[in-house]
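Guided by the hints, dock chain B onto chain A, whose structure is given.
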Amino acid sequence: MVKEKRNIVTPGETIVSGNEFLPGDGAYRDGEDIVAGQYGIAIVAEKHVRVVPVSGAYYPKRGNSIIGTIVDITFNGWLIDFGGAQNAFLPVSEVPMYVNKNEMREFLDFGESVIVKVWDVKSRGVDLSMKMRGFGKIEGGMIISVGPNKVPRIIGKEGSMVKLIKGATGCDVTVGQNGKVWISGKDANMEVATKKIVEFIADNAVTMGLTGMVEKFIKDMGLKVAATEAKE
Amino acid sequence: MAKNIYTKRDDGRKMTEVRPMTAKVGIVPSADGSASFETGKTKAIAVVRGPRTLHPQHMQNAKTGILRVNYGMMPFSVEDRIRPGPNRRSEEISKVTEWALNSVVDLTGFPNTVVDVFIQIPQADAGTRVAGINAAAMALAHAGLPMKQMVSAIGVGKIDQTLVVDLDKFEDSEFHDGEGSTDIPIVLTSRTKEIALLQLDGKISVDEFKEVIEMGKVACDDILKVQMEALKNGGKDE
Numbered sequence: 001m002v003k004e005k006r007n008i009v010t011p012g013e014t015i016v017s018g019n020e021f022l023p024g025d026g027a028y029r030d031g032e033d034i035v036a037g038q039y040g041i042a043i044v045a046e047k048h049v050r051v052v053p054v055s056g057a058y059y060p061k062r063g064n065s066i067i068g069t070i071v072d073i074t075f076n077g078w079l080i081d082f083g084g085a086q087n088a089f090l091p092v093s094e095v096p097m098y099v100n101k102n103e104m105r106e107f108l109d110f111g112e113s114v115i116v117k118v119w120d121v122k123s124r125g126v127d128l129s130m131k132m133r134g135f136g137k138i139e140g141g142m143i144i145s146v147g148p149n150k151v152p153r154i155i156g157k158e159g160s161m162v163k164l165i166k167g168a169t170g171c172d173v174t175v176g177q178n179g180k181v182w183i184s185g186k187d188a189n190m191e192v193a194t195k196k197i198v199e200f201i202a203d204n205a206v207t208m209g210l211t212g213m214v215e216k217f218i219k220d221m222g223l224k225v226a227a228t229e230a231k232e
Numbered sequence: 001m002a003k004n005i006y007t008k009r010d011d012g013r014k015m016t017e018v019r020p021m022t023a024k025v026g027i028v029p030s031a032d033g034s035a036s037f038e039t040g041k042t043k044a045i046a047v048v049r050g051p052r053t054l055h056p057q058h059m060q061n062a063k064t065g066i067l068r069v070n071y072g073m074m075p076f077s078v079e080d081r082i083r084p085g086p087n088r089r090s091e092e093i094s095k096v097t098e099w100a101l102n103s104v105v106d107l108t109g110f111p112n113t114v115v116d117v118f119i120q121i122p123q124a125d126a127g128t129r130v131a132g133i134n135a136a137a138m139a140l141a142h143a144g145l146p147m148k149q150m151v152s153a154i155g156v157g158k159i160d161q162t163l164v165v166d167l168d169k170f171e172d173s174e175f176h177d178g179e180g181s182t183d184i185p186i187v188l189t190s191r192t193k194e195i196a197l198l199q200l201d202g203k204i205s206v207d208e209f210k211e212v213i214e215m216g217k218v219a220c221d222d223i224l225k226v227q228m229e230a231l232k233n234g235g236k237d238e
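Top to bottom, those sequences are chains A and B. Just so you know, we're using the working numbering here: the first sequence kicks off at 1 and counts up by one. Just so you know, we're using the working numbering here: the second sequence kicks off at 1 and counts up by one.
One chain only, chain B, in its complex shape:
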């Protein structure tokens, strides 16, 4: 078996260390709820509007309100310009984010309505979908919607033969030596610690996979603390 070549991270972090995080709610005063979430160089903004009447009418559900998520990266968020507008990747992320958030938000009190969640990424350095979900969860709470619990998200991965938490752009997509890199975004609910979203991009053994989940759970606890702290400050500075 080849020797493990990934023993030290470029930015000096420990293998299980999350990048420094900052979070804030109430960044868009005209919206019903809003939040921003940053990990390292990755920034996400989430804005919630609604509940409001859903058009077209045939999409309405008389039993419950529906959640609609729109994820997008800003053209200047990466080094090469991204063509604005929906694409295959953003459609996928919108959809999986919607599923993850739907497991905690309860909209049965608002039939025939829609709650729109807009996630934008002004600056990307890998892990944008998990940053987006973290921001969206805070924005939904800030909008005063009924939620059983919060969700926190983290990307865990495997670089060559080392398991690492919170991959950056280099680790995620520019590392091709040895066994290459694997990326696993995990979304955990805050109270019951259930998995709301789990994706896998790359390859990994079953035993390692179990370890990844445990690492994700530890990291999500840290993220939840940051999210709760931001909500308790309630849009005020300091």
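In isolation and in its complexed conformation, chain A is listed as follows:
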């Protein structure tokens, strides 16, 4: 757990002063000062200063895995809504199997959900790819939306929180960077329990010592916490 106090900055506020510092994402230089250009948590690592947003919409970044829904089918690909500013495009050439261009609906139809990787972010929109392990069409289970800023807490340190949930409920939990979570398991009751746990984490995302709270929450629901390395 991070021990030092989180330094929340507002736009226009001086984070540090001095010519030796370098402004990174969400920060800019004004004379001697490094100034926040965004509302968020200021992180000063060595001489590099950046601001990490704590609220707001999802901004796609290259390499993110996201969960989205098919909203349109064009002659050479699918348009996918992922809750961002623009729609994303998944070309036929970026799916892992041969798809007949006349029968694209056979592979992915309107309203179906996919988990895909952000391949490129351009001013016109976002390009996606599905050609890797772990990506593809979502079948079964349920998708819940928690917001992009809660994602790091749901994943936990090196996936510790996801492992904890998996161990307790036996359900697969896949987290999209855009704040959507896919829950799938054999038992519908367990899926509902998993949903409750994920929502609990989202509601308490700003709390310190969240792992302990989640463990207690799981026990209160009458489930067992698998004695894994989930403890920090």
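Honestly, the hints are just simulated from the structure, not real lab data. It is possible that some hints are incorrect.
What the hints assert, rightly or not - To spell it out: a stretch of chain B is covered by chain A in this simulated footprint if at least three of its residues, at any positions, have a beta carbon under 8 Å from a beta carbon of chain A; those stretches are: (1) 2-8; (2) 33-44; (3) 81-87; (4) 111-118; (5) 146-159; (6) 163-171.
Built from N, CA and C at the ideal position, the CB exists for glycine as well.
Relative to chain A, chain B alone:
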């Protein structure tokens, strides 16, 4: 020259004193950013949605995202009911608010998109446009949009021959004795202390006008502190 008749304010405030302020962010969980700002009996709510794709398509700008502000007073916000929907006054305030906020928000990273700012006034006691701008600035910051700095707004005025800060409804529109009242909304940027909006309703001499700007700058510092405090609490209570 007639004697100055306005020497004492009705609510006992000093001439340079701002009404008690409260501010909060994150009041609308489903929005990308939201904030409320209150001064005395004036309340403003601001909600930010976006960036999102702009329709109709011909309004899109391939170079930058655009900001769209919508200001409105709720029907029950004043004693006589206000007819809901846009009117001349709300259109004007929407537009000047948009210009004021555009000077600090940087949307070049989101081409072809729009950021919608909705400002609503549930309770009005003069100074609604400045309260709206204060709330909107906080909501935009809360939405995580790139901003060079914040903006703070204050209404400064002249009642008969006295310069006063943060006029209430009586001072703004019901005081007609002596020389009457003048209202000057000022919007200042937080870091460079530049003027982002300046309007004048009434009449005032050049020397007094300069003094008004100085009074506004002092008051804006207080408002900025309240705004920053609210953002740092980040939607949590206490």
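Status of each hint after checking the structure:
no.	hint	in the structure
1	2-8	violated (count 0)
2	33-44	violated (count 1)
3	81-87	violated (count 0)
4	111-118	holds (count 3)
5	146-159	holds (count 5)
6	163-171	violated (count 0)
This entry does not satisfy hints 1, 2, 3, 6, going by the numbered hints stated previously.
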